[in-house]
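Just so you know, we're using this note's numbering here: the sequence shown kicks off at 688 and counts up by one.
No lab work stands behind these hints: they were computed from the structure.
Even for Gly, the Cβ is constructed at its ideal location relative to N, Cα and C.
Incorrect hints may appear among the rest.
To be verified - In silico lysine-lysine, BS3-like type, Cα no more than 27 Å apart, as pairs:
1. Lys-845 x Lys-959
2. Lys-846 x Lys-959
3. Lys-849 x Lys-959
Said to hold, decoys possible - Each pair of labels, with its calculated beta carbon distance range:
4. His-903 x Ile-766: 26 to 32 Å
5. Gly-937 x Glu-767: 39 to 45 Å
6. Glu-869 x Val-980: 28 to 34 Å
7. Thr-884 x Ala-918: 17 to 23 Å
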Amino acid sequence: MNRADFSAIETFVRVAEAGSFRRASVVLSAPASTVSVHVTRLEERLGTKLLERTTRRVSLTDEGRRFYEQVRIGLEAVIEAERSIASGAGDNRGRLRVAAPVEWGQTVLGRVFDVYVQSFPEVELEVILSEDASDPLRDGFDLVVQTEPPSSTSLTAKKLGKPMAYRLLASPAYLSKNAPPEHPRDLARHACIVMGTRSAQARWQLGARASFVHRHTTANSWTLCRDLAVAGRGIAKLPDYLGAPALAEGSLAEVLDAFRPPPEQLYAVYAKNRHAPARLRGFVAALSEHLSVWPGCLFKRPATDPTRSHATGSIGAGSRRARASS
688 MNRADFSAIE TFVRVAEAGS FRRASVVLSA PASTVSVHVT RLEERLGTKL
738 LERTTRRVSL TDEGRRFYEQ VRIGLEAVIE AERSIASGAG DNRGRLRVAA
788 PVEWGQTVLG RVFDVYVQSF PEVELEVILS EDASDPLRDG FDLVVQTEPP
838 SSTSLTAKKL GKPMAYRLLA SPAYLSKNAP PEHPRDLARH ACIVMGTRSA
888 QARWQLGARA SFVHRHTTAN SWTLCRDLAV AGRGIAKLPD YLGAPALAEG
938 SLAEVLDAFR PPPEQLYAVY AKNRHAPARL RGFVAALSEH LSVWPGCLFK
988 RPATDPTRSH ATGSIGAGSR RARASS
């Protein structure tokens, strides 16, 4: 087998995994037209059609599926062998392409990069922040940060730090004018700030059950939900990476701390069958170390006087602190 044959087989495998010539071209760093030509020539050499092509996507024929299953493992073994030999001198250099959720990435990743670049100053970082689901193999990322483990057996996932907590938060001004809720059912009488779109259900998972809330404001941004809560517009469900700093400075206080929403575990997802270079392992380690202490390190509540009206801390059922006067 010559190099051209090997390249054609690799191109076919990436198209099969990506589901489109355009996505495969991103993974291979090649024009989509070149990707299409390689697959066409492979089909001509084999004398059979491997892919069904439509304007929206491509899919495997029966012959293409059998061919894919037979060549994929061997292809990955060859690529991994090449990388394990060649990467000895280049593990600490090259490009690291990372995908992460938008607002989480804006809040957290800058701090991680500050630490990471001290150990890997020659690595070129490329960061794509998006709320769309990303796949390392399909979309050409070295690592994807997400809140669910992958379903594909070609990917591996490492838990990052502690599960990310969520809390119900409101401003002192709002709680001074509205009796703090004692039970999730009380949220039907409160102004609630709902993350998402207007078509999404205004229902929060609190404790062991889901509770419908009174939707006062809807926003598709966690940051905007926080800012609206600080401005006194109502009660918001916020992740700790945004809520903990506001709690620490006293601009928000927690309500219904006995009925907290379930936490979410973050995962670093990357290809399983490929040699993991030091630059990737180092970034995963930096993420894990940072998330094991942050944002908990920012969550330091000022001392409260139980004889005074509410200033900071927790309000409502399950709290030992004094409740705000209404």
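Structure-based check of all given hints:
Between Lys-845 and Lys-959 the alpha-carbon distance is near 11 Å, which keeps this suggested pair within the 27 Å criterion. At most 27 Å may separate the alpha-carbon atoms for a hinted pair to count; Lys-846 and Lys-959 meet this at roughly 15 Å. Restraint check: the Cα-Cα separation between Lys-849 and Lys-959 comes to about 23 Å, which is no more than 27 Å; the hinted pair holds. The hinted range of 26 to 32 Å is not satisfied by His-903 and Ile-766, whose Cβ atoms lie roughly 54 Å apart.
One distance hint, 39 to 45 Å for the beta-carbon pair Gly-937 and Glu-767, is violated here, with the actual separation near 53 Å. The given range of 28 to 34 Å is respected by Glu-869 and Val-980, whose C-beta atoms sit roughly 33 Å from each other. The given range of 17 to 23 Å is respected by Thr-884 and Ala-918, whose C-beta atoms sit roughly 21 Å from each other.
In this structure, the hints that do not hold are numbers 4 and 5, in rising order.
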